[in-house]
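Trainee: Okay, here's what each chain looks like letter by letter:
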Amino acid sequence: MNEVGQLCLVLHAHLPYVRHPEYEDFLEEDWLFEAITETYLPLLDMMTRLVTEKINFRLTMSLTPPLCGMLSDPLLQSRYRRYLYKLIDLSEREVHRTKQDPAFAASAQMYLRKLTRCRQQYDDWYRGNILQAFRQLQDQGVLEIITCAATHGYLPLMAHQQAARAQIRVAAEDYQRHFGRRPRGIWLAECAYQQGVDALLAESGIRYFFLEAHGLLYARPRPRYGVYAPIYCSTGVAAFGRDMESAHQVWSGDTGYPGDPRYREFYRDVGYDLDYDYIKPYLHNDGVRRNVGLKYFKITGKVALNAKEPYNPDEARDLAAQHAGNFMFNRQKQVQYLAGLLKKKPLIVSMYDAELFGHWWYEGPDFLEMLFRKLHYDQNDIRPITPSEYLAENPDNQLAQPEMSSWGDKGYYEVWLNKSNDWIYRHLHKAAERMIDMANQNPGATGVRERALNQAARELYLAQASDWAFLMTVGTAITYAQKRTRDHLHRFTRLYEQIQRSSIDENQLAEMERRDNIFPFLDYRVFSNGQRAVALT
Amino acid sequence: MQTSGTHLAPHSPDPGDQVSVFIDSGAPLPDTYGDNCLVIMARDPRTIFVYWDIQPTRFEPLRQEWGSQLDQAVGVLRVFDITGLAEEQWKTAPFFDVEVGYGAHDYYVNLPQPGRQHRIEWGLRLPDGTFLSLLTSNVVLLPRGHVSDDIDAKWIAVRSIEEYQAWEKVLHNVDLGRGSADFSRQMAQRWQFLKSVFSMGIPPSSFTQMPSSMPSSMPSSGVAHE
Chain V
310 MNEVGQLCLV
320 LHAHLPYVRH
330 PEYEDFLEED
340 WLFEAITETY
350 LPLLDMMTRL
360 VTEKINFRLT
370 MSLTPPLCGM
380 LSDPLLQSRY
390 RRYLYKLIDL
400 SEREVHRTKQ
410 DPAFAASAQM
420 YLRKLTRCRQ
430 QYDDWYRGNI
440 LQAFRQLQDQ
450 GVLEIITCAA
460 THGYLPLMAH
470 QQAARAQIRV
480 AAEDYQRHFG
490 RRPRGIWLAE
500 CAYQQGVDAL
510 LAESGIRYFF
520 LEAHGLLYAR
530 PRPRYGVYAP
540 IYCSTGVAAF
550 GRDMESAHQV
560 WSGDTGYPGD
570 PRYREFYRDV
580 GYDLDYDYIK
590 PYLHNDGVRR
600 NVGLKYFKIT
610 GKVALNAKEP
620 YNPDEARDLA
630 AQHAGNFMFN
640 RQKQVQYLAG
650 LLKKKPLIVS
660 MYDAELFGHW
670 WYEGPDFLEM
680 LFRKLHYDQN
690 DIRPITPSEY
700 LAENPDNQLA
710 QPEMSSWGDK
720 GYYEVWLNKS
730 NDWIYRHLHK
740 AAERMIDMAN
750 QNPGATGVRE
760 RALNQAAREL
770 YLAQASDWAF
780 LMTVGTAITY
790 AQKRTRDHLH
800 RFTRLYEQIQ
810 RSSIDENQLA
820 EMERRDNIFP
830 FLDYRVFSNG
840 QRAVALT
Chain B
2 MQTSGTHLAP
12 HSPDPGDQVS
22 VFIDSGAPLP
32 DTYGDNCLVI
42 MARDPRTIFV
52 YWDIQPTRFE
62 PLRQEWGSQL
72 DQAVGVLRVF
82 DITGLAEEQW
92 KTAPFFDVEV
102 GYGAHDYYVN
112 LPQPGRQHRI
122 EWGLRLPDGT
132 FLSLLTSNVV
142 LLPRGHVSDD
152 IDAKWIAVRS
162 IEEYQAWEKV
172 LHNVDLGRGS
182 ADFSRQMAQR
192 WQFLKSVFSM
202 GIPPSSFTQM
212 PSSMPSSMPS
222 SGVAHE
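Chains as they are written, first to last, in the numbering used here: chain V, 310 to 846; chain B, 2 to 227.
Please note that a few of the clues may not be correct.
[As the list claims (entries may be wrong)] Once the Cα atoms are required to be at most 25 Å apart in a straight line, the calculated PhoX-like pairs of lysine-lysine come out as: (1) V:K642 x V:K654; (2) V:K423 x V:K395; (3) V:K652 x B:K155; (4) V:K654 x V:K683; (5) V:K683 x V:K642; (6) V:K654 x B:K155; (7) V:K653 x B:K92; (8) V:K408 x V:K423; (9) V:K792 x V:K728.
[As the list claims (entries may be wrong)] Selected chain V positions facing chain B (in silico; Cβ < 7 Å): (10) R533; (11) Y541; (12) E702; (13) D705; (14) E723; (15) R795.
By construction, these hints were calculated from the structure, which means they are not laboratory data.
These numbers come from a predicted model, not from an experiment.
Here a beta-carbon is modelled for each residue, glycine too, at the ideal position from N, C-alpha and C.
This is chain V alone, in the form it adopts within the complex (with noise of 0.2 Å):
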């Protein structure tokens, strides 16, 4: 191994448990669908293909519980194929009606080709069961998955910290139950840390975790090698630092590559450029136009969406291969630098959300293709690698305290803690607390009961989710996300009071589990934590 420094690429897949039965056709399912077709099973088809040409690659993704728990619902299975076969159904209409149009043919060809294969992938070949797919993948070695908050809770915002340690015991226990094996690794909700966290992490022999460059950067003792190498708190949990160089890369919206105006344009979809009754029956119930998935145009530049020119997937897939060129050339200099400066092999870590690659950049998954085949084929300063692999290769590493941090805008916690969210924490707090307060109260309880206290124990953990308070900051999805955290702290309140009376209403209970179902093998003396919750007074 003669590579002059490593990276890490890690992608953190993730959406919200958003499940309805109550509904035949709900618009926020949507978000899993979209994010399968255009996120999750391409890169699966791109590992897949990998490893069968035998290109050394390694990624490291983080599956989160309640991403898990969607992907594994048979009501959500069968939902998306009925969302797959509805888009082909369009696709194959799509062809016929551009066949003489050569601006949009190609476009047309390839949505009906790319969509045949996730039928293809879906139906024949993972039966629905995607997660196994990623577990055969980390099996061969060539992907680390890591877990994450069991519903993505932002921990460092949790006043009782035995609520957070039943966040990460869940989803310690979830991940076991899914790939066969403890989690070594975990992606902290937004990155989100402060002192004490890793002590709950370490209770569940995880080994390490992420931060953004700052919560590295700033640690006490200064690290020795900034964010290129990482560091080992004081409980033995490793902290490994994002890079920013290759962040931004991607991530900035001027410069970034995903700005480019030969890619495809978000905004400008058939759901709404399409004469009314031929994109109504692909609509969702209402009528509504919203975006349906297909769609023609490129970004084209700073222009409005009529102005937009007609998208060219060739022109679109040679410049993926560019941009990956132009990011390995990046890295290579960065290491090279980085070597000559640190005395060491630096490691970068480039973190992403997962659903940039195919969802909001649609030539994502072809960007990482090319990249590792040229990280392959085309030089030897850098090797890919995972967290594990460098921590067992790299043992020794400097020990610091990091500071408080997240990834979130402005580096810390005002996106979820703000005037438009900050109004849930004293009910969160409160519910957490009653809990706890249950669980120790109820150390052996059975049948009825015990279930009534599985289930206010997944209502909290379903009112705890971070991205509520997300939602309620970026705009989009308010009345939902606010709606989802009064709806589970009232169901939780229901319960927990018919819990206190011993008269537990058996109907309603048995609707919140079907409804509200993650976590079906959930003991709610996961918050136990054998003393009175501490009221805070």
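We have chain V already, so just place chain B on it with the hints.
Mentor: Frame of chain V, contents of chain B only:
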């Protein structure tokens, strides 16, 4: 049916223009849980979010003692800087007051300096400056927001979290009530762990707790580990 892909519908979508089926944002949550509590949450190097709940009964003892003077009182968050202080010193730590309305239940406190440790009390301040504390918060430590001045690097080798945790148990659970053979073995294990920690300067304070009968290969002032 549209025959060309170039038709543009009259409606041009915005990024935020995804119409949700929900106009219902859920039933309101309670204004109070009947508690008396004051919770503070660190948000960034200079901001703490505070929320509190206080019941009318909490004021009764004050009403009896201070009577109509309470009508002149203002609600105040008293923000203490307890950085580096032992708990018994917290009450006399430096502080500043933020006036908050009687009806307020939350506030964003701005701190003059980052990286400090704080505790807050909510109470009533009388015109003569007397502070009647009614609620006491938890403690938070704010981030520094810049690179550390501490450059005394320490290094450890961790081959697995289980191995590290096993060492940690030995480090913290030396059982002096056991026989000398057990004790010696534990101390040998403890030294094994401690030898893996190097510092450029002063050894860790646990070194000073070593009994006199120690192995002769005791680490000296530390070897720089590169």
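Trainee: If you check each hint against the structure, which ones fail?
Mentor: 7, 12
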